[in-house]
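Protein chains in written order, with the working numbering: chain R, 372 to 699; chain D, 789 to 1287.
The hints are simulated quantities; they were obtained by calculation from the structure and are not laboratory data.
Any given hint could turn out to be false.
Said to hold, decoys possible - Covered stretches of chain D (in silico footprint by chain R; criterion: 3 or more residues with CB under 8 Å from a CB of chain R, positions within the stretch not fixed):
| hint | region |
| --- | --- |
| 1 | 893-902 |
| 2 | 939-950 |
Unchecked claim - Under the rule of at most 16 Å between Cα atoms (straight-line distance), these lysine to aspartate or glutamate pairs were calculated in the EDC-like manner:
| hint | chain 1 | residue 1 | chain 2 | residue 2 |
| --- | --- | --- | --- | --- |
| 3 | D | 798 | R | 551 |
| 4 | D | 1156 | D | 1144 |
| 5 | D | 939 | R | 382 |
| 6 | R | 655 | R | 581 |
| 7 | D | 939 | R | 397 |
| 8 | D | 816 | R | 574 |
| 9 | D | 1045 | D | 1223 |
| 10 | D | 1111 | D | 1140 |
| 11 | D | 792 | R | 546 |
| 12 | D | 1284 | D | 875 |
| 13 | D | 939 | R | 392 |
| 14 | D | 792 | R | 474 |
| 15 | R | 575 | D | 809 |
| 16 | D | 791 | R | 551 |
| 17 | D | 848 | R | 427 |
| 18 | R | 557 | D | 807 |
| 19 | D | 816 | R | 413 |
| 20 | D | 791 | R | 546 |
Because the structure is a prediction, the values reported are computed rather than measured.
Yeah, the Cβ is synthetic: ideal placement off N, Cα and C, and Gly gets one too.
Single-letter residue listing:
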Amino acid sequence: MTIEIKTATLEPVRNTFAHIERRFGDKPATRYQEATYDVQSEEFFHYRPLWQPEKELNDPSRTAILMADWYDFKDPRQFYYGTYVQSRSKMQEAAENNYAFFEKRNLASHLPDSITEKLIRYLVPLRHLEHGANLNNMYASSYGYGTAITQACLYNGMDRLGIAQYLSRIGLILDGNSGDALAEAKLVWMNESIWQGIRAAAEKMTVTEDWFEVLVAQDVVLDSLMHDLIYNQFDQWLQDNGAQDIGMLTEFMQVWNKDTSRWVDATLKIAAAESDENKALLEKWICEWKGILLEALAPLADDMLGGDALSQAEAALDKRLTKAGLFK
Amino acid sequence: MAKKLNIKDKYRLLTRDLDWEYSYEDRKEAFPFEEFEGIKITDWSKWEDPFRLTMDSYWKYQAEKEKKLYAIFDAFSQNNGHLNVSDPRYVNALKLFLTGVSPLEYQAYQGFAHVGRQFGGVGARVACQMQAIDELRHVQTQIHAMSHYNKFFDGFQDYSHMHDRVWYLSVPKSFFNDARAAGPFEFMVAIGFSFEYVLTNLLFVPFMSGAAHNGDMATVTFGFSAQSDEARHMTLGLEVIKFLLEQHEDNVPIVQKWIDKWFWRGSRLLTIVAMMMDYMLPNKVMSWKEAWEVYFEEAGGALFKDLARYGIKMPKYAETIEKEKEHISHQAWWTFYTHGHAAGFHTWIPTDEELDWLSEKYPDTFDKYYRPRWELAKEMEAKGERFYTKALPQLCTTCQIPMLFTEMDDPTLNSFRDTVHNGERYHFCSDGCKDIFEDEPEKYVQSWLPVHQIFQGNCGGPDVENVLSDFYRMNLGEDNMDMKGSPDEKRWKQWKGVA
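Work out the full structure: start from the sequences and follow the hints.
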């Protein structure tokens, strides 16, 4: 049985905005479409930026990647602000429950000192690397072109700040809110040899000019390798060594990675499929950054996991790249 | 038992402590724009976080707000909420908002994203990033709020294209282009402080109050939903100014110069709001003059008293601006009325009750200078000779507003200023705009002035009609001309069942 409420139906004059109609035809549009396509100003800028007078304010030439239409970068998640915060709000609610449970049951006190030390040495310093990821995605958001990709970079940038804050909270849980674990992890990040290659690479990304290259270096190469090392392999090691509870504190990052990979993979695929020139450029950047980052990560991977940890991470990255249509 | 961290320490650990001193690259290369404006930052750690919001709380609060907001949008369109507005003329204020103001929210996102990456201090960066994502929220929720109106009224459909090209929309567009093209600290004084902190009550709020007074549930709900975001932005704007002034005494004259510039720029931009409040809202909120007195003279006056201890004075031209409150709304609406064929919204003669309201609100000026024009316009319209001017207006090189303003001491005399730069003569509407040009001529000679561009043949043609229909993509006879006889008016009458 259904009931039918009679409402007054008025015939609309048009289904959607004219620029949406030009792209998708005369039919009702989604909220993602109306919030995204052609929102950014494209022409007749009044003044060149004092800080970069060779470019326009919005200028597609801030990257060597060429696109006939920058709005090809559709986000498979169809995130506009509203859907983005809804998604993250659900994730943070789950995380909040996990953190509350962890703290209520004082699960940190069950961790052997050797595990706590490892967490401070390997996991907590990542908060700084996530801060670098925040800068890099903000860079792509502010220098990128077209709302489709720049809004996704902004969401990613804010995600990385959020993750850096979760990692900091892990430190605070370990040190009983004294901040000692965070201070110790920062010393490790600043001084320990296992992190120095990574820190140097993170600093290098923030002085790299081409925003698409920055995006590839950070969101594709570094994130892929690091995720596999930390949240797959080190996570497994923690499980095997009686510290599976830590998984409650990193579940957010697991879910986040799955979600974000959909966007990163799609972005890479679309850029590569656009032209042979794009594909060659992406492959060049990836080769360079893979070289830098594999070398940088080797001491950490050896120290943390040993064996063939890094080649496993590399294999995971290569699989992603092949899926995006690169290197074949 | 773990000790409790106070919120300041916790926020420091969760945010400020994330950054690090570079060892492998030159940090100045990563944050390259901090010095060229002459501002001296001696210690970023002195930055006081204007709000301490971590991302988890941000997602939670914002998602709750979005959920409520979109529930209202859905209900609004399901129930044809546009039928509840006070009068179809009201919708033209929304057209002005979507074409003129919403794209500024987008530029605000871009500008704050830029400084949110470029500032060397992590506290300032993160605060700016949060404003960046809020501003993206505002443009997107405004588009969604207007989406329903677009389905039933003309003039919304090509707002983005129009914002890039149409003559009067170059006023707001160039304002934000100017701020974004400036260095990061000037951007913050222009937008974070002057615009968000001091002038927001005169821009954003009048549109939202207008919505509340005119039965527009979608827009007013957006306004309420954005209120807590705006409060955060205001605290950021105030912190920026205090931080800059406290960092180094050499910053004071630079900041003062920017305040002078951006208050003048801002007061010019607000002309469209003045006109909207006095002429476009069928149910009035308050007059422009009253709004200016409450939100600028009283609130702004108190603020500048507070800033006096840093050596900051009231913005230059404050006295001229004070006189302008009596005139600018009338001068602007008259200009739009007479150029109504070239506007992307409808214009009209105020009703007799509205004329009386204006006489009452502007006892010193309206009857003397402006009412006679409307009486004449009424006579002409009654004879079937609704007046449209054939001429294209000359634009001010700085604010890009047509030269419609008068000398404030003699409202019968148009105000013209000019200067010669590199052998070319440039024209201005005021001393304020001329001074701004002369301080940075290389910037303002670049202005993409719509009327010049038309005359140079860069906007199609040959006739103005071709420019309007082909280059601006206005649907002539639908988007433009008088409210009387417009398709908007016809449809409204059909919906309401009146002849």
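Right, here's what the structure says about each hint:
1. For the region 893-902 of chain D, the stated coverage by chain R is satisfied: 6 residues place a CB nearer than 8 Å to a CB of that chain, which reaches the threshold of 3.
2. With 10 residues having a beta carbon nearer than 8 Å to a beta carbon of chain R, the region 939-950 of chain D meets the requirement of three or more and the stated coverage holds.
3. For the given pair, residue 798(D) sits about 13 Å from residue 551(R) by alpha-carbon distance, which is consistent with the 16 Å threshold.
4. Pair hint residue 1156(D) plus residue 1144(D) holds up; C-alpha atoms about 13 Å apart against a cutoff of 16 Å.
5. For the hint pairing residue 939(D) with residue 382(R), the CA-to-CA distance comes to about 9 Å; that is within 16 Å, so the pair holds.
6. Between residue 655(R) and residue 581(R), the direct Cα distance comes to roughly 13 Å. Compliance with the 16 Å bound is thereby established for this hinted pair.
7. Under the criterion of a C-alpha separation no larger than 16 Å, the hint pairing residue 939(D) with residue 397(R) is consistent with the structure, at around 12 Å.
8. For the hint pairing residue 816(D) with residue 574(R), the CA-to-CA distance comes to about 11 Å; that is within 16 Å, so the pair holds.
9. The straight-line distance between the Cα atoms of residue 1045(D) and residue 1223(D) is roughly 11 Å, inside the 16 Å bound, and the hint therefore holds.
10. At most 16 Å may separate the alpha-carbon atoms for a hinted pair to count; residue 1111(D) and residue 1140(D) exceed this at roughly 26 Å.
11. Proposed proximity of residue 792(D) and residue 546(R) is supported: the alpha carbons are some 12 Å apart, at most 16 Å.
12. Proximity of residue 1284(D) to residue 875(D) is assessed by CA-CA distance (about 11 Å); at most 16 Å being required, the pair is judged to hold.
13. Taking the CA atoms of residue 939(D) and residue 392(R), the gap is near 12 Å; set against the 16 Å cutoff, the hint holds.
14. Restraint check for residue 792(D) and residue 474(R): satisfied, since their Cα atoms lie roughly 13 Å apart, inside the 16 Å limit.
15. Taking the CA atoms of residue 575(R) and residue 809(D), the gap is near 13 Å; set against the 16 Å cutoff, the hint holds.
16. Distance hint between residue 791(D) and residue 551(R) is fulfilled; the C-alpha atoms sit about 13 Å from each other, no more than 16 Å.
17. A C-alpha spacing of about 37 Å is found between residue 848(D) and residue 427(R), which places the hinted pair above 16 Å, so the restraint is violated.
18. Our distance criterion of 16 Å between C-alpha atoms is met by residue 557(R) and residue 807(D), whose separation comes to about 10 Å.
19. Between residue 816(D) and residue 413(R) the CA atoms are separated by roughly 30 Å; this puts the pair beyond 16 Å, and the hint is violated.
20. Taking the CA atoms of residue 791(D) and residue 546(R), the gap is about 10 Å. The hint holds against a cut of 16 Å.
The earlier numbered hints that this structure contradicts are 10, 17, 19.
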